[in-house]
Amino acid sequence: MKTLAPNNLVYDRPEGFTEMPTHYCPGCTHGVAHRLVAEVLEEMGVIDKTIGVAPVGCAVFAYNYFDTDFVEAPHGRAPAMATGIKRVLPDRIIFTYQGDGDVASIGMGEIVHAAARGENLTVIFINNANFGMTGGQMAPTTLPGMKTTSSPNGRDVETQGFPIRMSEMLSTLDGVGYCVRRSLHDPKNIRLAKKAIRLAFETQARGLGFSMVELLSTCPTNWGMTPVDSLKFVEQHMLPAFPLGDYKIAAGVAQIKV
Amino acid sequence: MTRELWKGNEAIAEAAVRAGLEAYFGYPITPQTEILEYLSKRMPELGRTFLQAESELGAINMVYGAACAGVRVMSTSSSPGVSLMMEGLSYIAGTEVPAVLVNVMRGGPGLGNIAPAQGDYNQAVHGGGHGDYRNIVLAPASVQEAIDLTVLSFDLAEKYRTICMIILDGCVGQMMEPAKMPEMKAIQRANWDWATDGTLGKRERRILTSIYLDPVQEERTNLRLISRWRAIQRHEVRYQEYFLDDAELVIIGFGTAGRVALSAVRQARQKGIRVGLLRPVTVSPFPVEAIEQLIGHVSGFLVTEMNSGQMLEDVRLAVKGRVPVEFYGRMGGVVPFTEEILREIERIAAEPLSVDSNPREQWYERMVGMR
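Protein chains in written order, with this note's numbering: chain A, 1 to 258; chain H, 1 to 371.
These are calculated hints, taken from the structure and not from any lab test. It is possible that some hints are incorrect.
Unchecked claim - Below, computed lysine to any residue pairings styled on SDA-like, alpha-carbon distance capped at 25 Å:
1. H:K202 <-> A:P90
2. H:K41 <-> A:R198
3. A:K188 <-> A:G118
Stated by the list, open to error - Partial selection, computed: residues in chain A whose CB lies under 7 Å from chain H:
4. Y24
5. G27
6. I85
7. Q137
8. R191
9. K195
To be verified - Sample of chain H residues lacking proximity to chain A, with all beta carbon distances greater than 10 Å (derived):
10. A53
11. N61
12. A115
Backbone N, C-alpha and C define an ideal beta-carbon position, used for all residues, glycine too.
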């Protein structure tokens, strides 16, 4: 397939990836997020000492795509499983890759306490405002009024509560070294997201505590939109509800230059 | 090594340390908390991992993670906490990684109480979590046996890549007895060919998972679990026999109930009643063959438990209606007195027994009438 001369090559499979095509829906930003993580692992030269923890959710098969050791956690328990691995293998790089059902709903206890303990691990948190894998049910991050298969009339905050802002919540914990929210809706923001993912892994590599990057993501299939409209939806509706920003950058992390 | 006075829970903790326990994750719950407390001091002074988790859910998933990394890992809890761990146990079973879990059982169901009970027998021997799997389940009746079985549990868990549970109760857990500790074993990480500990550029990457989306593959996994279980059944059945040579009546009881029964057997022997005791040490795999050997030699069995007759079902499956089976149980945290079991022995010795009777029904009638 490689018809390009190497000096003209501008885009290739990062070393952190296997050759397996992903199972994600067309237009879904999981692929972008995966690629950013793989690129960062390659750039840091840590692929061979990384162990990933896959969630229950659309990314349940993430281990098929990353060229590292991987385990598959019960729904929401990835931070606990990652804690178990990191505590006995402190010189390895451990990351969890979790969706909003995993992190903000069933795994709330595990994520909060891993953060509070300052576990030296990195969480890649995909926020696409719904339960993707089970077909688009309401998540804790579903926007007010947003229609899902389990909030067919739109999320009614009177009876179904308000969206949870994980990055803001976790940033209040002293064990957190790095906690930011980024978005994957356009190239500029994707570049910013990659830098954040790099900083999160650098935080871990330096033992500066818990790190999490929340990534606002699309779910065209369950949102019932085209991929382009989904990106617009993130920009127009998710950004106001989930403001991008650096919610916690510990002093030691602020000095990291990448 | 000389004998020292050890409390059961602390003895289990120290025995695990000496067997090479590299990481412990737990959560406080009576009557097992001494294990957690002991290890909170002992593990860090040896440079090993101790972590008090946010919940039993957290603890068992930390165990799961560390087990995938290939180290000797354990958690301990008591009945309500063990119920919370069932999700993780099923995943550990499905992923085929070794782990040790101690359940110092208490009265239940629900919050119950903290008194000694054996109501979690069914949960332990039938796997407990969702899906099709079995655990090795060891049931110590003394502090010494708790030590020995703790050491054994790690070897068994690793040998068969399975969960090894130790079930006891507050009697054994809280009681102090003279016991011998094994020698301290240095931590030596096994170079497992399945552990996800990072490739370090030396090998192909590994994946540990319990998901097999293709039903045929999942069925194959189940068959692999069964095949391993059959090997466990062949090689790992353990039990203790007392006064069985000339016994006409044989009591079957495990853990504390078996220990109380032994006192009753001794007293009955003094009265000239030919009674013996079979005490399963592995309640799973169950000592079916040991019972088979007794058929034809004995006139009856008496199952004693601190529950409503959970192991009784396994005994009846083994006896297959060929010999009468009687039952005596106390529940809810009530430990039977020796005299109660002696009374049962005397009743059975005096009464003609029938293979047609339903032992649990009759026991229930006697229990209700007794009040």
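Check your understanding: Of the hints given before, which are not true for this structure?
Key -> 2, 3, 4, 5, 7, 8, 9, 10, 11
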